[in-house]
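Peer 1: Sequence:
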Amino acid sequence: IPGMSVIRKGGTDGDPVFRGMAASRLNILIDGEQILGGCGMRMDPPTAYVFPDTFDKVSLIKGPQSVRHGPGGSAGTVLFERKPTYFREPGAEFKAAVTGASFNRYDTYVDAKAGTPLGYVQAQATEAASGDYEDGDGTQVNSAYRRRSLSAAVGWTPDEHTRLELSAIESRAKAAYADRSMDGSKFDRSNVGLKFEKTHMSGVLNAVEAQVYYNYVDHVMDNYTLRQFVPSMMMPNPMTSNPDRETTGGRVAVTLRPDDVHKIVLGVDQQTNIHTLRKSGMGGDLVTPYTTQPRMEDARFHNLGLFGEVTHVLSDEQRVVAGLRQDQWEARDRRATVSSGMMSLGANPTAGQTRDDSLHSGFLRYEHDLGEHTQSYIGLGYTERAPDYWELFNKETQTGISAFDSVKPEKTTQLDIGVTHQQGPWDTFASAYLSQAQDYVLIQSNVLKPSGMGTRPATIARNVDARTWGAEVGAHYKVTPQWTALGSLAYVNGQNRTDDRALGQIPPLEARLGLNWQRGAWSAGSLLRLVASQHRYAVNEGNIVGQDLGRTGGFGIASLHGGYAWSKTVKLSAGIDNLFDKTYAEAISRGGANVSGYDTTFRINEPGRTAWLKVQVALD
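All the letters of the sequence shown, read from the start, carry residue numbers 442 to 1061 under our numbering.
By construction, these hints were calculated from the structure, which means they are not laboratory data. It should be emphasised that the depicted structure is a prediction, and the values quoted were computed from it without experimental measurement. Note that the Cβ used here is the ideal one computed from N, Cα and C, for glycine as well. Any given hint could be a false lead.
Across the chosen pairs, the derived CB separations fall in these ranges [said to hold, decoys possible]:
{"hint": "1", "residue 1": "R897", "residue 2": "A1052", "range": "27 to 33 Å"}
{"hint": "2", "residue 1": "T640", "residue 2": "A916", "range": "30 to 36 Å"}
{"hint": "3", "residue 1": "M675", "residue 2": "D797", "range": "33 to 39 Å"}
{"hint": "4", "residue 1": "S817", "residue 2": "R992", "range": "18 to 24 Å"}
{"hint": "5", "residue 1": "R897", "residue 2": "G995", "range": "56 to 62 Å"}
{"hint": "6", "residue 1": "S1008", "residue 2": "L747", "range": "20 to 26 Å"}
{"hint": "7", "residue 1": "R942", "residue 2": "S892", "range": "43 to 49 Å"}
{"hint": "8", "residue 1": "L747", "residue 2": "G997", "range": "46 to 52 Å"}
{"hint": "9", "residue 1": "A1059", "residue 2": "E530", "range": "16 to 22 Å"}
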């Protein structure tokens, strides 16, 4: 997707960035549920628990142009969704795929479902693993991982438009990281969800949807399981940190159609999450293992939201869509002491405090079809985002050791415009935006603070005013029945208006050019990714995921792929990514850490030349 980037940390679960905005500014929902990781250093963003092959659709809502998918989402909302299942007659479906690639990487998944008009059962299993990859210079990166998941669902479908589904998911993973002094030796997730949907109802009440869910994440990070332990001043012993997070939530929404020109969606959603932490005791894991320590709750959040969206049809070519949302947000500081990494900073000055805010969001969008093949829109959105766990509980301020009572909610106003055109051989789009953020939560690292007779580096959170603007354009052009050319361009500019300098962690200008060919069962394609240098940066400033390291040079990456479909049942595809074995790193990637047995690089370099082969099977 043009405008989408990833902050590289290791071999898996990078943090996605859209238009220069990351973390809780970009809502990620998995079948309507929000997953919140436990790691205070963002080892486990939502992508750590997403297995893409198990979903049917991934959608992106650009900007604050919807209020139906939870609070915040100033940059946008990503929806991972599975399509509803209904069997018109008894039957079964089966899908599976196996991928092998360089660096001992493999990915597998199996998806099987069976049912009758009255209901269905479904089971999915995935496994993905890789060894350490190498960059273009042959330098090995601490990046090996292994991920597994197993999910099951049973559904009742009394008719085609009614579904009651009970689902459960278990996933396990471990991953090495090149950007820090610890690895993730455990990423466990357990989930249970219940969902009800009824659509195509007659009368004013057109649809009803409801869901409740329970999600538990148990995460372990240590400095000895996945790497050679080397004593240091900060960590003289084998150490472990074991955070977890328990999230419960629910949502109810109804769709009303009072007449032919109005569609109204009204709803309420709720979420409560509790974060706890335990660590190795005195002397480290060999003397006082973390498993012998009690879990201590450090944070508790609660959010209750009311929302409504209205679509008003002005004519066959024109529509107005508007929405309002109000959230009642509350956070409690349960920490008795404050720590920075493994170092205790002393008693918590905000222990026992509670914060609450009424947060407001809304948007107004005008849509106009400029003929049969062209659609345009212009929308103005406003959203207030409460500070998240990482901004409140894992950061300091310039003058104190707790940011809990200091960081203000972020207020974003954004103008979005766009147009799409599909006609004949052309499929094109263009979008642009201008965003103004008041009390933008800026994260600044390596801030020197007094400590004893000297100083120590700290990472602080502070509010600034910021502005971003940019655009994305893209086109597909069918040159001949067999050949298709494609291209896209994305740019974002960020400005810290309080300090009158560039906003941190903004990706540079990026272009993509491709040429695809297909004839019968055969297909092939190429992709050239061109990224400009980034000369606008703010060293040590950014977001909760990472901070700028300095200027970056531009680069170009070429990739090839091809495939052959024996039938509708079996398909073989293969490719080479980074064809010319280029050594490069993204401007927003994390800095390299000193990991025993590995060369330290300034940034985490991307993988070098990577060959892959994939076999897909589908039966129905």
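Peer 1: If a hint holds in the structure, say so; if it does not, say that too.
Peer 2: Checked hints:
1. R897 - A1052: 27 to 33 Å: violated (46 Å)
2. T640 - A916: 30 to 36 Å: Once the Cβ atoms are compared, 35 Å apart, the range 30 to 36 Å for A916 and T640 holds.
3. M675 - D797: 33 to 39 Å: holds (36 Å)
4. S817 - R992: 18 to 24 Å: violated (38 Å)
5. R897 - G995: 56 to 62 Å: Violated - the Cβ-Cβ distance for R897 and G995, about 37 Å, lies outside 56 to 62 Å.
6. S1008 - L747: 20 to 26 Å: violated (51 Å)
7. R942 - S892: 43 to 49 Å: Since R942 and S892 have Cβ atoms about 27 Å apart, the given range 43 to 49 Å is violated.
8. L747 - G997: 46 to 52 Å: Between L747 and G997, where Cβ atoms are some 49 Å apart, the hint holds.
9. A1059 - E530: 16 to 22 Å: holds (19 Å)
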